[in-house]
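Asker: Residue strings, one per chain:
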Amino acid sequence: MSAVAIEGVWKFYGDYPALKDISFHIEPGACLALLGRNGAGKTTLLRILAGLSKSAKGKITILGGDARDAATRKRIGVLGHGIGVYEELSAFENLRLFARLYDMADPRKTAMEWLERTGLERVRDGLVREFSRGMRQRLAVARAFLHNPSLLLLDEPFTALDDRAIAVLQDLLRSALAEGRTIIMSTHQLREALELATDVALINRGKLAHRGPRTVEMLEDPGWLYRNYGEA
Amino acid sequence: MNFLRQAFAIAGKDLRSEVRSKETVNGSLSFALVILLLFSFAFDPGSEQTREIAGGLLWLVFAFAGTLILNRSFARELVNDCLDALISSPASGAQLFLGKCFANYVLLIVVECVCLPIFVVFYDARWPKQAWLLFVVMLLGTWGITVIGTLFSAMTVNLRLRELMLPTLIYPMLIPALMGAIQLSTVLIAGEPLGADNLIWFKLLIGFDVIFTILSVALVEIVLVG
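Which chain is which? The protein sequence lines are A and V, in order. Read in our numbering, the first sequence has 89 at position 89, and its numbers run on one by one without any break. Residues are numbered in our numbering as their position in the second sequence, beginning at 1, plus a constant of 1000.
Hints in this document: simulated from the structure, not taken from any laboratory. Note that the Cβ used here is the ideal one computed from N, Cα and C, for glycine as well. Do not take every clue at face value.
Unchecked claim - Some chain V residues near chain A, calculated using beta-carbon distances under 10 Å:
1. Gly1012
2. Cys1082
3. Ser1088
4. Pro1176
What the hints assert, rightly or not - Computed beta-carbon distance windows for the label pairs:
5. Lys54(A) x Thr1168(V): 24 to 32 Å
6. Ser23(A) x Val1034(V): 55 to 63 Å
7. Val1034(V) x Ala5(A): 41 to 49 Å
8. Phe24(A) x Ala1218(V): 33 to 41 Å
9. Arg133(A) x Ser1030(V): 29 to 37 Å
10. Trp224(A) x Thr1168(V): 49 to 57 Å
11. Leu1199(V) x Asp106(A): 48 to 56 Å
12. Ala167(A) x Leu1038(V): 52 to 60 Å
13. Phe1064(V) x Arg133(A): 49 to 57 Å
14. Ser1030(V) x Met1(A): 21 to 29 Å
15. Ser1021(V) x Asp66(A): 34 to 42 Å
As the list claims (entries may be wrong) - Calculated from the model, a selection of chain A residues having no Cβ within reach of chain V, i.e. all distances over 12 Å:
16. Leu52
17. Arg100
18. Thr198
From just these sequences and the hints, can you work out the full model?
Answerer: Here it is in structure tokens:
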């Protein structure tokens, strides 16, 4: 069974088709780099996979279920453009809240574990509004990973991260892959993404232009994919 | 139990944020006090005529001040895209909605409990003999405002003119609940006992609350995700 099965998905914003008949499957344990220019439809597709938006046509099956089923969402970790944490809560309170929402057995323990893993245990009671950008980003990473999701949906995960946050995220992604979890990440940072990716999908103006395994050519020359399958 | 636990987690988060920022309660309370003051200048506080419209004045203040709290309910989730983080979590739309409702309800009741004694002083009213009944009316009327206001707050969260749209949309919807609350409050503030003819307003309030709570819980998932 595929981890993610996308079949004939269309999405419209008004009359404008943001996604046109997208179909592909992702096997469990794969890491898919979702590539494309700005406005190609990557974020729209990720939002549909995350259950944040609905497609106009087509069928999506995630981990054997519907994206809006609570049981499915419990197994998905989402890291979008925003950090998704509350300014007026402390780092610990934020993580404990999401651990409760994900129905973790011991929300306090889970929150403390992830504060340690992301190097935020010393500022556990500090309010997020007082955090530096890097600390916020690490907290966002902890929020997305704390329930040990089977599928990770990451939208531009490396954008605007500081060195430490990039290191934390890369470590977590490598561990996730080693544990057999599935990752889908949209990105413009080809080099970082292609190093981790096992598979590649290129979206061009809402259409799937290429889908296949990540090859050595792509790793040696990240622009190769765009030159061969993207728009000129 | 799990359903309520997640709803309470969301409510607790909203109340904790509000206690720290005080952004909506301060604004709502100040606004309520200013309206109470202005109404006391506009109407002769001791007159019989004012006593007859006392319930209406009180509920207009509650409705106007409440809108400020309700407007921020979902708008506060836009910061850092927290709404996306909540919607993508296993918490259902209904749990998210009820959590928001519980938090808004507590905040509205706090504002109303501060406003009520000030109203009694400004309008030279006597403390109602059946104060507990007035409190029951407040609880029922406020739940109606909360449910409708929270649902429309979710609907208008992505609109640029949401501060204008929310009151424009919710006040017409609230007419039955406000009518019931106003009728009952006027009788109770005048110190008169509630008769059998007032029972219909109680039934209207309860019916409004039950119907719109069920409808909102059923519709909120569509409102949030489409």
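Asker: Now tell me, hint by hint, if it's right for this structure.
Answerer: Hint-by-hint comparison with the structure:
1. Gly1012: holds, 8 Å
2. Cys1082: holds, 6 Å
3. Ser1088: holds, 4 Å
4. Pro1176: violated, 33 Å
5. Lys54(A) x Thr1168(V): 24 to 32 Å: At roughly 27 Å between Cβ atoms, Thr1168(V) and Lys54(A) fall inside 24 to 32 Å, so the hint holds.
6. Ser23(A) x Val1034(V): 55 to 63 Å: Roughly 59 Å apart at Cβ, these two residues keep to the hinted range, so it holds.
7. Val1034(V) x Ala5(A): 41 to 49 Å: For Val1034(V) and Ala5(A) the Cβ distance comes to about 58 Å; the hint is violated.
8. Phe24(A) x Ala1218(V): 33 to 41 Å: holds, 35 Å
9. Arg133(A) x Ser1030(V): 29 to 37 Å: holds, 34 Å
10. Trp224(A) x Thr1168(V): 49 to 57 Å: holds, 55 Å
11. Leu1199(V) x Asp106(A): 48 to 56 Å: Roughly 50 Å apart at Cβ, these two residues keep to the hinted range, so it holds.
12. Ala167(A) x Leu1038(V): 52 to 60 Å: Given a distance of about 59 Å, which is inside 52 to 60 Å, the answer is holds.
13. Phe1064(V) x Arg133(A): 49 to 57 Å: violated, 39 Å
14. Ser1030(V) x Met1(A): 21 to 29 Å: violated, 58 Å
15. Ser1021(V) x Asp66(A): 34 to 42 Å: Check passed, 37 Å falls within 34 to 42 Å.
16. Leu52: About 6 Å separates Leu52(A) from the closest Cβ of chain V, which leaves it inside 12 Å; violated.
17. Arg100: Contrary to the label, Arg100(A) does not stay out of reach of chain V, its closest Cβ about 4 Å off (not over 12 Å).
18. Thr198: holds, 24 Å
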